[in-house]
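Participant: What follows is each chain in one-letter form.
Number of protein chains: 2
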Amino acid sequence: MQVFDRSEYEGRLKRTKERMREAGIETLFLTDPANMNYLSGYDGWSFYVHQGLIVSLDHDQPVWVGREMDKNGAKATVWIDHGNLHSYDDDHVQSPVGKHPMDFVARVIEGMGRGDTNVGVEMDAYYYTAKSHQRLQEKLPEATFSDATLLVNWVRVVKSDREIELIEEATQLSEAAMEAGIDAMGPGVPESTVAAEIYQTLVGGIEGMGGDYPAIVPLMPSGEHTGTPHLTWSDEPFRNGDPVIVELAGCRHRYHSPLARTAVVGGVPNEMERVAEVVVEGLNAALDTAAPGVTCEEVERAWRETIAKHGIEKEDRIGYSMGLGYPPDWGEHTASLRPGDDTVLEENMTFHMIPGIWTDELGVEISESFRVTENGAERFSAFPQKVFSV
Amino acid sequence: MQVFDRSEYEGRLKRTKERMREAGIETLFLTDPANMNYLSGYDGWSFYVHQGLIVSLDHDQPVWVGREMDKNGAKATVWIDHGNLHSYDDDHVQSPVGKHPMDFVARVIEGMGRGDTNVGVEMDAYYYTAKSHQRLQEKLPEATFSDATLLVNWVRVVKSDREIELIEEATQLSEAAMEAGIDAMGPGVPESTVAAEIYQTLVGGIEGMGGDYPAIVPLMPSGEHTGTPHLTWSDEPFRNGDPVIVELAGCRHRYHSPLARTAVVGGVPNEMERVAEVVVEGLNAALDTAAPGVTCEEVERAWRETIAKHGIEKEDRIGYSMGLGYPPDWGEHTASLRPGDDTVLEENMTFHMIPGIWTDELGVEISESFRVTENGAERFSAFPQKVFSV
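Which chain is which? The protein sequence lines are B and P, in order. Counting in our numbering, the first sequence runs from 290 upward without gaps. Counting in our numbering, the second sequence runs from 290 upward without gaps.
Honestly, the hints are just simulated from the structure, not real lab data. It should be emphasised that the depicted structure is a prediction, and the values quoted were computed from it without experimental measurement. One should not assume that every hint holds.
No copy labels: a pair is met if it fits in one copy or bridges any two.
Derived DSS-like pairs (lysine-lysine); straight-line CA-CA distance at most 25 Å [unchecked claim]: (1) Lys388 - Lys603; (2) Lys388 - Lys303; (3) Lys603 - Lys364; (4) Lys598 - Lys364; (5) Lys603 - Lys360; (6) Lys603 - Lys306; (7) Lys388 - Lys360; (8) Lys388 - Lys675; (9) Lys428 - Lys603; (10) Lys364 - Lys306; (11) Lys360 - Lys675; (12) Lys303 - Lys364; (13) Lys603 - Lys303; (14) Lys603 - Lys675; (15) Lys428 - Lys360.
Make the full structure from the sequences, and use the hints.
Facilitator: Here you go:
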């Protein structure tokens, strides 16, 4: 059930170890589920309990640590030898008697002979709590600790051909789901009905291919709520004249292809068409700029200078590196398309560019996921770049 | 758009402050999205960036802190005055220049005149990272810190009548989705197709009522993977003879009603029927035991003693307090139905009891969500307690 060849995992591990050496980290403890998956293949909805992956410069394979109940799931998904799976008993789960899974993790690290090394931890990663860090420090008194936040995320930033293929598959799901959502919308239709159609397609998939759950639920703020981007659906009906912004992502083996479009119930006002033209012009100017050797901030600048010609002044983060992800986010938290980000684009980096223009009366958001090729940016999706009348 | 009357939120706040006083906590900083929602009404998929709620013994209302982009979502969902919403600029989001949202939180706490108090933080809550804690400590040098993990979770454990209503509504969604999933299953049907039908119903809802996204995706390990409870669906087809365990929850305004059932593709083997009878007998014995004044461990014991009569010896956590939740979990992390948990049941506590029996060849899981009433446990769902042939 491994999604990638063993050699691909081994290459990832090698690049991770290079970064560890550069950072003076001898042992790395990861809790970000995407980083765990990236290096081990582990996949499961088990990140609601403490778990992690240990990478040691002295060991050929990463070591998985999780709940006993999840060890079979690990066996079914990882490429590493099953002797490298260590699980803690259920009395560590939300324990009233003070047992903590990090006590167990510390014992595993000691058992690997790494208790006195420099241990890198993801200080600001999802699921690495303040308590986890406190306990790990207490139980590994001979270790020193370094902040390894984003270390593996930066290894993830350039995709392999197989990863690109998965994002391409995810794109087919994104497009089908966007179409299903737009088709379902109309005056009097509850938001939840549209969300259900989107889910049905995202998960049910298309001929020959099903979809995974996306790391973020489909978002579709509408009416007076288009300015509240992270509000989820209600069961209120759409009304004539409502603008709707749909943001969603198909997902294949945890790889995403985000896509956002704007629609209006009952016809698109002229003013909105005009704003949409500016958004599309700016979006494509930014896409035309992206190429190997160009920096992230230069891509944003192309957007900003284009819309400035139309009298619109704004400085924003208009995109971010994306790919492998688990709830709560499909973004990789590394490169951002924004002023001040001088990350240099390389081939097979993948981004979600999601610019928008907001006036007091209306907002238009049109996004593209793209990869950097030697010839410049290549959109994953061919979904029409316009505001839809529904 | 508030889900509860203002008086209900005020009552929750009052009970929270009582616990704060008992614990010597003057200022409480919460990041668990369920706790934020419980006290403020705030609802949105924004927990992928840092945010939180501040409760001060000296202030009448909680104070919300989040990203500027999410302030409108807060205005749309909270009961508190909008002057109590404080938002940070986007240059704090995954900042390459070292800005951290907790720097901003510290300034808000200082601005409230609480910089030199005892600050309770949820050391082991989702989304309170090691870095968050480190930064908050650095930026509030005059404060002392206490661990307030689960403080509000324990306030949540007894539900109001309105909360019970929402769980009852969620139950209708759970039952409809379980039925849709079971109806869709069959030999040759891809797992993803069944997951899609379940989602369609969970979200699209039933006549007159839509559903929210559940805090955990529908889980449906099947075939050789029924022993891997947290593996999610693939697009492999179900095969004749495959057992399938479906665990899902309808969700209304973030309140859940979890439900699990076992099915077999193409007919239930006799041996499995016999195991199912034992599971049902044990489940109902435990339900019959639950009542105000009884402890959690006594409920588990009734299960254990019942299955022991059939020669099965196992000691497990068979359930947990549930209700309001966000990804990654609908459990409340407070009372558990397991040996050693002497929490005394009270009226309107709500649990998901999910016992199972596993042999080398097969496993059966049948669950019930229930509330404690003065007359004992009351199941939320009336879904048949049996193994389904699909």
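Participant: Compare the structure with each hint and give your call.
Facilitator: Hints, verified against the model:
1. In this homomeric assembly, Lys388 and Lys603 come within 25 Å of each other (Cα to Cα) only across copies, at 21 Å, whereas the closest approach inside a single copy is 51 Å.
2. When the C-alpha separation of Lys388 and Lys303 is checked against a cutoff of 25 Å, the pair qualifies neither within a copy, at 34 Å, nor between copies, at 31 Å.
3. For the identical chains of this complex, Lys603 and Lys364 are inter-copy neighbours only, at 23 Å across copies versus 50 Å inside a copy, given an alpha-carbon limit of 25 Å.
4. Neither within a single protomer nor between protomers do Lys598 and Lys364 lie at most 25 Å apart by alpha-carbon distance, with minima of 57 Å and 33 Å respectively.
5. For the identical chains of this complex, Lys603 and Lys360 are inter-copy neighbours only, at 19 Å across copies versus 50 Å inside a copy, given an alpha-carbon limit of 25 Å.
6. Proximity of Lys603 and Lys306 under a CA criterion of 25 Å is satisfied in neither setting, with 40 Å inside one chain copy and 43 Å between copies.
7. In the homo-oligomer, the alpha carbons of Lys388 and Lys360 lie at most 25 Å apart inside one protomer (19 Å), although the nearest pairing across protomers, at 38 Å, exceeds that limit.
8. For a Cα distance limit of 25 Å, the shortest separation of Lys388 from Lys675 qualifies neither inside one copy, at 55 Å, nor across copies, at 36 Å.
9. When the C-alpha separation of Lys428 and Lys603 is checked against a cutoff of 25 Å, the pair qualifies neither within a copy, at 49 Å, nor between copies, at 31 Å.
10. In this assembly of identical chains, Lys364 and Lys306 lie within 25 Å of each other by CA distance solely inside one copy; the values are 24 Å within and 46 Å between copies.
11. Taking CA atoms no more than 25 Å apart as the test, Lys360 paired with Lys675 passes in neither setting, with 47 Å inside one copy and 28 Å between copies.
12. When the C-alpha separation of Lys303 and Lys364 is checked against a cutoff of 25 Å, the pair qualifies only within one copy, where the shortest distance is 22 Å, while the shortest distance between copies is 48 Å.
13. Taking the closest pair of Cα atoms, Lys603 and Lys303 never come within 25 Å of each other, the shortest separation being 41 Å inside a single copy and 43 Å across copies.
14. In this homomeric assembly, Lys603 and Lys675 come within 25 Å of each other (Cα to Cα) only inside a single copy, at 21 Å, whereas the closest approach across copies is 60 Å.
15. With identical chains, the CA atoms of Lys428 and Lys360 are at most 25 Å apart within one copy only, with a shortest distance of 23 Å there and 40 Å across copies.
Hints 2, 4, 6, 8, 9, 11 and 13 from the list above are not met by this structure, while the remaining hints are.
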